[in-house]
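Engineer: Residues per chain are reported as follows:
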Amino acid sequence: MSLWVIGRRILFLLMVIWAAATITFFIPRLSSRNPIRERFATLARTGGFSPGDLETIVASYNQKFGLDKPLWQQYVDYMSSLARFDLGVSLNLFPKTVVELIVEALPWSIGLLIVTTILSFIIGNILGALAAWPQAPNWLRTISTSFVLLQGVPPVLLGVLLIFFIAFRANLLPISGSYSIGSVPEWSFAFAIDVLRHQILPALALIFGTVGGWVLSMRGMGITIQGEDYVLFAEHKGLSSRTIFRDYYLRNALLPQVTGFALALGNVVTSAIIVEQIFGLPGLGNVLAQAIRVNDFLVIYGIVLFITIAIATLMVLVELLYPLLDPRIRLDQ
Amino acid sequence: MANISLPQPQAQAPVFSQPGRLTLLFRYLRRNMSLTIGLLIMLFLIVFTIVGMLTIESENAYALAVSSKQPPSAEFPLGTDFFGRDMLAVMVYGTWQTALIGIIAGGAGTLVGVLLGFISAYFGGIIDAAIKGISQILMPIPVFLIQIVIAGSLDKRDVTIYTMAFIVLILAWMGPTLVMRSQVLSMKERPYVAVAKLSGVGDIGIIFTEILPNLLPFIVAQFVTQVFAAVFASFYLAIVGLGPLREPLLGNIIWAAMGQGAFFNGWWWWPVFPAVGLALILGSLALINMGLDELSNPRVRRSE
Chain A
1 MSLWVIGRRI
11 LFLLMVIWAA
21 ATITFFIPRL
31 SSRNPIRERF
41 ATLARTGGFS
51 PGDLETIVAS
61 YNQKFGLDKP
71 LWQQYVDYMS
81 SLARFDLGVS
91 LNLFPKTVVE
101 LIVEALPWSI
111 GLLIVTTILS
121 FIIGNILGAL
131 AAWPQAPNWL
141 RTISTSFVLL
151 QGVPPVLLGV
161 LLIFFIAFRA
171 NLLPISGSYS
181 IGSVPEWSFA
191 FAIDVLRHQI
201 LPALALIFGT
211 VGGWVLSMRG
221 MGITIQGEDY
231 VLFAEHKGLS
241 SRTIFRDYYL
251 RNALLPQVTG
261 FALALGNVVT
271 SAIIVEQIFG
281 LPGLGNVLAQ
291 AIRVNDFLVI
301 YGIVLFITIA
311 IATLMVLVEL
321 LYPLLDPRIR
331 LDQ
Chain B
1 MANISLPQPQ
11 AQAPVFSQPG
21 RLTLLFRYLR
31 RNMSLTIGLL
41 IMLFLIVFTI
51 VGMLTIESEN
61 AYALAVSSKQ
71 PPSAEFPLGT
81 DFFGRDMLAV
91 MVYGTWQTAL
101 IGIIAGGAGT
111 LVGVLLGFIS
121 AYFGGIIDAA
131 IKGISQILMP
141 IPVFLIQIVI
151 AGSLDKRDVT
161 IYTMAFIVLI
171 LAWMGPTLVM
181 RSQVLSMKER
191 PYVAVAKLSG
201 VGDIGIIFTE
211 ILPNLLPFIV
221 AQFVTQVFAA
231 VFASFYLAIV
241 GLGPLREPLL
251 GNIIWAAMGQ
261 GAFFNGWWWW
271 PVFPAVGLAL
281 ILGSLALINM
291 GLDELSNPRV
301 RRSE
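From first to last, the protein sequence lines are chains A and B. Under the numbering used here, read the first sequence as residues 1 to 333, first letter to last. Under the numbering used here, read the second sequence as residues 1 to 304, first letter to last.
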């Protein structure tokens, strides 16, 4: 029975991936823009070769990328190469494939994402629970509740303001980049510290930009749970308020937050990508921004597809793991 | 028989006067702080934009209007940027354009969502399954990434405020559709709808006289959510350089400023003021949204 449910979830995942791939296939082909012609027209203008050769080159490239075939065949080719994780090659950095570019940039993005997402989730949920908890001291509740004000302000804007106040005005941390100009990447302690110092501001921007949402939803959950019988029962048993907070209150309020986590993944990842770009960090965001600047279309679509698939997969995984956290919920219901 | 004296009427029954509507409104606003703060910020932004548009020429918000790279001074209170735009004018017209995208895309998204949600929930069957299925499959795809693909396929010269709003709109209807669908589904089963049906009111009559008026709070809340989402989405598109490049859209300005290394060159006023403006717009929308949630959904109402 539960195998059937897992199968249905995976089918849903495949449908999402198929929809995303179909959208990224058809939209560019509906537009009148021809990236290959644009690219070589720019080259011709800057004096790479005589404009007369342009048509020949464009035709040969169209053939190379299979753009002269009928649309349905292009679609089949595209889907089958996608199934082999072949996302094509970069036009800008030619011999490099899109997959190579993604693999190079991925560790930076994942490092930043995992650290900030986990910290923001933990901090936000504790603050949210405290904001709704009657026994918490008043000042603590006020401070926790005020974090709700951050909800709605995108991390990128906080990034710009953090750069202004901390890096530009106070001169405490570097403005952007992944390591100081002039230092050579090497496996040394000083260099590691330098890299970490460059990651602090982007991480803070991401944490502050996402924590408000967790505080808000956790506060709502907390208010709902206060009236529950098991919390009253625990109080009447005379358990210490610390135990009640941790075992009766926080744990139960946390469950729906896990579902919220799966839903928020898309936003978190896109925010991280844009923060990376503003801070000039080497990551998927920077590769994407670079590709947009020079209209390197296969790289744009490759990264978009990759991130979509990653997010959809994570969402389904969280959903499938949920019954482990909450024994009351069984997958076959 | 003894004289029975009737008990003297009590001095006067205390008069309970219902406070006026305005008083009640103020009392509610004092309790619902997030709604109040959000509305106040919004009011400030509206006054700022209207006064600004009446007093400042719109040309000053475009390139080569004034001398470039001036720090904030008496002549240019917010400075001027690298391309010779007066930042005060940019803030006024940029705020207006940002709001315009939000209202067009958010409004249209809500409208489409309400229509589809209604059709889906009220008629059910295959239509319902199709609308629900498509919405659910599209939901997990990060909207921003698909918007990048759409915006990237357009010719850069063709991108205007309106195409921007349209790009945002294309993927802004699924959320409202699913919310409206579930609301209509639960409302359809309420006793007053059954009463209306039994007394012979037709489908159209029930929709317009029974269901729609009760849905209004949800529609308003969805509208605010969608305006917020549209401003957010258009900002993200602009900040990766896919906005209408010539317009003083606030996101565009930040993109240009960061691209020119504004902080390295010391032109801090260039990115900082648009960032503050956008934070105010998005923050106030989020607060209003939160306040409306408290108003329409008693479950999250503060227990005070």
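Because the hints were derived from the structure by calculation, they are not lab data. Incorrect hints may have been included.
[Stated by the list, open to error] Once the Cα atoms are required to be at most 30 Å apart in a straight line, the calculated DSS-like pairs of lysine-lysine come out as:
{"hint": "1", "chain 1": "B", "residue 1": "K188", "chain 2": "B", "residue 2": "K132"}
{"hint": "2", "chain 1": "B", "residue 1": "K132", "chain 2": "B", "residue 2": "K197"}
{"hint": "3", "chain 1": "B", "residue 1": "K197", "chain 2": "B", "residue 2": "K69"}
{"hint": "4", "chain 1": "A", "residue 1": "K69", "chain 2": "B", "residue 2": "K132"}
{"hint": "5", "chain 1": "A", "residue 1": "K69", "chain 2": "A", "residue 2": "K96"}
{"hint": "6", "chain 1": "B", "residue 1": "K156", "chain 2": "A", "residue 2": "K96"}
Computed from a predicted model, the values in this text were never measured in an experiment.
Engineer: Please go over all the hints and tell whether each is borne out by the structure.
Structural biologist: Hint-by-hint comparison with the structure:
1. The suggested pairing of B:K188 with B:K132 holds, with an alpha-carbon distance near 17 Å, which does not exceed 30 Å.
2. Taking the CA atoms of B:K132 and B:K197, the gap is about 26 Å. The hint holds against a cut of 30 Å.
3. A C-alpha spacing of about 69 Å is found between B:K197 and B:K69, which places the hinted pair above 30 Å, so the restraint is violated.
4. The straight-line distance between the Cα atoms of A:K69 and B:K132 is roughly 35 Å, outside the 30 Å bound, and the hint therefore fails.
5. A hinted pair counts as satisfied when its Cα atoms are at most 30 Å apart, and A:K69 with A:K96 qualifies at roughly 24 Å.
6. Pair hint B:K156 plus A:K96 holds up; C-alpha atoms about 26 Å apart against a cutoff of 30 Å.
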